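Chain by chain, the residues:
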Amino acid sequence: MVNAFYPKTLVQALQAKSENPSLVPYAGGTDLMVNPKEGAQFLFINGIAELKEIAAAPGSLSIGACCTYTGLLESKKMPGVLHRSIIEIASPAIRNMGTVGGNICNASPAGDTLPPLYALDARVRLASVRGTREIPLATFILGVRRIDLAPDELLVSVILPGQDFTQGYYKKIGARSAVAISKVSFAAFKKVEGGVVAAIPMAFGSVAETVVRSPEIESALIGKTPEEVRATAEAVVQMYDPLIKPIDDQRSTAQYRKKVCLALLADFLSGGG
Amino acid sequence: MIEFTLNGKPVQVDCGPSERLLDIIRDRLGLTGTKEGCGEGECGACSVLVDGRLANSCLVAAGSIMGASVLTIEGFRDTERYKLLERTFACAGAVQCGFCTPGMVMAAEALLSHNPRPTEEEIREAISGNLCRCTGYNMIVDAILTASMEGGGLW
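Chains U and G supply the protein sequences, listed in that same order. Here the first sequence is numbered in the working numbering, starting from 1 and rising by one per residue. Here the second sequence is numbered in the working numbering, starting from 1 and rising by one per residue.
The hints are simulated quantities; they were obtained by calculation from the structure and are not laboratory data. No experiment lies behind these values; they were computed from the predicted model shown. Treat the hints loosely; a few may be bogus.
Just a few of them, taken from the derived set where beta-carbon distance is under 7 Å, the chain U residues facing chain G [as the list claims (entries may be wrong)]: (1) P7; (2) L10; (3) P21; (4) G29; (5) T30; (6) M33; (7) F42; (8) S91; (9) I94; (10) N96; (11) G174; (12) A175; (13) V179; (14) S252; (15) A254; (16) Y256.
Where chain U lies over chain G, by a calculated footprint (3+ residues, C-beta under 8 Å) [claimed, not checked]: (17) 13 to 21; (18) 89 to 99; (19) 114 to 128.
Distance condition first, Cα-Cα at most 20 Å in a straight line; then the derived DMTMM-like pairs of lysine to aspartate or glutamate [to be verified]: (20) U:K77 <-> U:D121; (21) U:K259 <-> U:D249; (22) U:K259 <-> U:D241; (23) U:K8 <-> G:D51; (24) U:K191 <-> U:E216; (25) U:K245 <-> U:E218; (26) U:K52 <-> G:D51; (27) U:K8 <-> U:E74; (28) U:K8 <-> G:E3; (29) U:K245 <-> U:E193; (30) U:K8 <-> U:E53; (31) U:K37 <-> G:E19; (32) U:K8 <-> U:D152; (33) U:K37 <-> G:D23; (34) U:K37 <-> G:E40; (35) U:K258 <-> U:E209; (36) U:K52 <-> U:E134; (37) G:K83 <-> G:D142.
Cβ coordinates follow ideal geometry from the N, Cα and C atoms, glycine included.
In isolation and in its complexed conformation, chain U is listed as follows (with noise of 0.2 Å):
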């Protein structure tokens, strides 16, 4: 019985793919190991060179699938809110082997990418031996650990729209700053041009089956000062209630969930961060 593979290149982990679609790929290992399921077949891609490449193009950020939080975090190419973002994520040991594409794939609820990611209009890159296609990730995560990723599939990278937002929020609430699985988290950015806001994209992570984003309530508040957005903050939590529909676990409560994550938003609304 072979047990595991060792692809060095994209090409070759395509092909292992598409010969055993059951193998499970391995990238930084930190959400797998932690409930190995029994007799799975590992594709190691973690040590996939390509696969962790960040290249800047004008207009859009590629992010490999196998790039790790530290990473990132220690590229240049990294836009400042997103940098934000992931420092609050895990612990170092975590952001050492944790990878982007691993966390989008795992698809939980609380994923700690997802929010700044969902805002951020992210998209994924998909490959087999079939060919690539490119798809919203908003689209890409269907539900609760469900991805709609052929069994022949890899995730490849994920794709971000360059946008220069003025202002960046990103809060994770656990039972600990770092490491804990987010009761709430919550990630936002602004952009304002000519006085008014041109982008103010909001997204919720923990408090619904996916991330909860919409673009209706965020194009209301397109062309408002930020000061008429500060004076409206009340009217928007309101518009958002009823779409934020969390539930009891052993780490939170609903009650709790909401009412937190309405109150970060009221905290951006009004300008904090």
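Let chain U serve as the given structure and place chain G on it in line with the hints.
Relative to chain U, chain G alone:
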């Protein structure tokens, strides 16, 4: 067969690719300085360095470290850096039950090797993934701060 470098020496271990590095170190190679606390990456008791970076060995699969260089507390023990940390930990009262200590020392080494003169805040961040239930952390932070100040040239 998994091949990697452990504490400067090449090793070959006949184990499954999904076996935890922690179990290889402790059970197959008999190096029990690395401790198992939570087994989920939350406590840092099993901290080792993989290619110079802090890692929770309970979350590292054998197959992922083919060709890598792993340093455990046993390999670090013979260095001048360790001797200084041992002294400053002792002087600061940073060791009580001792269970977290190997992991804390490896976290300190991971920090100081990248940042020889950290601020107190940077030290707290560097050990944020390591739990200590005895000291309340302040003595550990003091120990690392003292080592950084006395360790001119070591890091």
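List, from low to high, the hint numbers that the structure doesn't satisfy.
Hints 1, 2, 3, 11, 12, 14, 15, 16, 18, 27, 29 not satisfied by this model.
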